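Keeping their order, the protein sequence lines are chains A and B. The first sequence runs 1 to 230 under our numbering. The second sequence runs 1 to 230 under our numbering.
In short, the hints are calculated from the structure, not lab data. What you are looking at is a predicted structure, and each value in this text was computed from that prediction instead of being measured. One should not assume that every hint holds.
Unchecked claim - Covered stretches of chain B (in silico footprint by chain A; criterion: 3 or more residues with CB under 8 Å from a CB of chain A, positions within the stretch not fixed):
1) 7-21
2) 51-63
3) 136-148
4) 155-169
5) 211-219
What the hints assert, rightly or not - Quick list of simulated restraints, FRET-style, between CB atoms:
6) A/ARG170 <-> B/GLN20: 45 to 55 Å
7) A/ARG193 <-> B/GLU191: 24 to 34 Å
8) B/LYS90 <-> A/LEU118: 16 to 26 Å
9) B/PRO22 <-> A/GLY204: 26 to 36 Å
10) B/SER172 <-> A/GLN37: 20 to 30 Å
11) A/PRO8 <-> B/GLU191: 45 to 55 Å
12) A/LEU228 <-> B/GLU92: 49 to 59 Å
Even glycine gets a Cβ: it sits at the ideal position worked out from N, Cα and C.
Number of protein chains: 2
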Amino acid sequence: MSENAKHPVEIVDLVPLTEQSPYMKPLRLHYKQNGKQLTWDCIKTHDSVAILIFNSSRNVLVFVRQFRPPVMLSALFNSMDSNMTNIKEKFEENAASMNPNLGFTLELCAGIIDKEGLTPTEIAREEVIEETGYSPPLEALHLITTCRTGVGSSGSLQYIYYCEVNDSMRVSQGGGIDDESIDVVEFSIEESRKQIYQCDKSAGIGRTPGFRLAISWFIYEKLPSLQLNK
Amino acid sequence: MSENAKHPVEIVDLVPLTEQSPYMKPLRLHYKQNGKQLTWDCIKTHDSVAILIFNSSRNVLVFVRQFRPPVMLSALFNSMDSNMTNIKEKFEENAASMNPNLGFTLELCAGIIDKEGLTPTEIAREEVIEETGYSPPLEALHLITTCRTGVGSSGSLQYIYYCEVNDSMRVSQGGGIDDESIDVVEFSIEESRKQIYQCDKSAGIGRTPGFRLAISWFIYEKLPSLQLNK
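Using the sequences and the hints given, assemble the complete structure.
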């Protein structure tokens, strides 16, 4: 997507994670099942919120596009090798041919649950404000469902919300805080519907199952009862 | 769910992951965006396949239930603390009250792509045989879509398939290979539909967004044109 050039990415280095990370902690669980001793390697990560936003002034769904380093690395490793050995060496051999554009995603507005004293719904509202620039009242956020994600690695809980906004709620251009470089993307209902089953393989843009599920919920569960602004 | 007692789980120990793991490699990427140097912590994991299975002899969808250590740990940590410090100490303090039942999931039949020389579709077929005991021909597997999962941590690619089977294809009871303890679960179409937006928070069973998306695809995209066996 040529839009990615708005936030150009340059790869510097890839190293094993040896220091403490504030975002993930690699763990090994020893357990027994049916009396047999087993191990499972996993990561502790934060739970998260994700919000499907509908702008009722213009009948558009509001998403975000951003660079996700894990997606770029996954796409890169796929094209190199399917096993887990000598990652750093392979990375260095292939660094020149790396294409950061493989790491961009289309997602729901989302964020991790890492703020003490705020409920998931309050954190969801903050993410809407920070990432998209709309400032809805807390009552505008409705829980669609909660899911377990990454069940083989993190198992973290994701709260998926629906939030209706309108043009009068726009207080900034959004784009995220601190070092985030987030583009706000608006799709018509028909354009959104086309995203649900688009293949990500070699497509140059990543879309999660949760993003697709939320659009599907909107199309099949919400839209039939929605009074659209003409 | 009382069904979990079929494969009783006992927790032994939780330790930081310091050795090499064949399933995940913690990495740190250094990169620049908009000219500013940034880091992102992530894991390299395998890509995966997941298969929505419909048994046309009895009009049921076929899923799997299994113990997922990361889901249990995530549920446990949620109830203790939202930040990432002193995980081992907190685990030990709370070990006596841990409930392995928090770690069971309902999922699509699925597996990682780690077999050299096999295509994703061939691996998907093997997973159907190993986990559910149905042996469909390769032509029975149809790609629904490919997604990026864990975009903040692994970014791995998941191929989601649809596969129609019938009772004459059942060659074993399934249950997985090696140390896997997988229960095959059959749901009617109506029971499956109820899974799509069931909340996982405090529900004692985890369901991924991909599991929900695949059922939604079946209900809205496949079922209208399916000739059901009366």
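- Task: Given the hint of 20 to 30 Å, check if B/SER172 and A/GLN37 actually sit that far apart at their C-beta atoms.
- Result: holds, 26 Å
- Query: Is it true that A/PRO8 and B/GLU191 lie within 45 to 55 Å of each other by Cβ?
  - Reply: At roughly 49 Å between Cβ atoms, B/GLU191 and A/PRO8 fall inside 45 to 55 Å, so the hint holds.
- Task: Confirm or reject the coverage of the region 51-63 of chain B by chain A under the rule of 3 or more residues with a beta carbon closer than 8 Å to the chain's beta carbons.
- Result: violated (count 0)
- Message: Between the beta carbons of B/LYS90 and A/LEU118, is the distance compatible with 16 to 26 Å?
- Response: holds, 21 Å
- Checking C-beta pairs, does the region 136-148 of chain B have three or more residues closer than 8 Å to chain A? holds (count 6)
- Query: Is the hinted range of 49 to 59 Å satisfied by the C-beta distance from A/LEU228 to B/GLU92?
  - Reply: holds, 55 Å
- Message: For the region 7-21 of chain B, count the residues whose Cβ lies under 8 Å from any Cβ of chain A; is that count three or more?
- Response: holds (count 13)
- Task: Note whether the CB distance of A/ARG170 and B/GLN20 lies within 45 to 55 Å or breaks it.
- Result: holds, 49 Å
- Query: Given as covered by chain A, does the region 155-169 of chain B meet the bar of three residues or more with CB within less than 8 Å?
  - Reply: holds (count 6)
- Establish whether the coverage given for the region 211-219 of chain B by chain A is satisfied; the threshold is a Cβ-Cβ distance below 8 Å, and no fewer than three residues must meet it. With 4 residues close enough to chain A, the hint holds.
- Message: The hint says 26 to 36 Å between B/PRO22 and A/GLY204; measuring C-beta to C-beta, is that right?
- Response: holds, 30 Å
- Item | Whether the CB-CB distance between A/ARG193 and B/GLU191 falls inside 24 to 34 Å | holds, 27 Å
When held up to the earlier numbered hints, the structure conflicts with hint 2 and nothing else.
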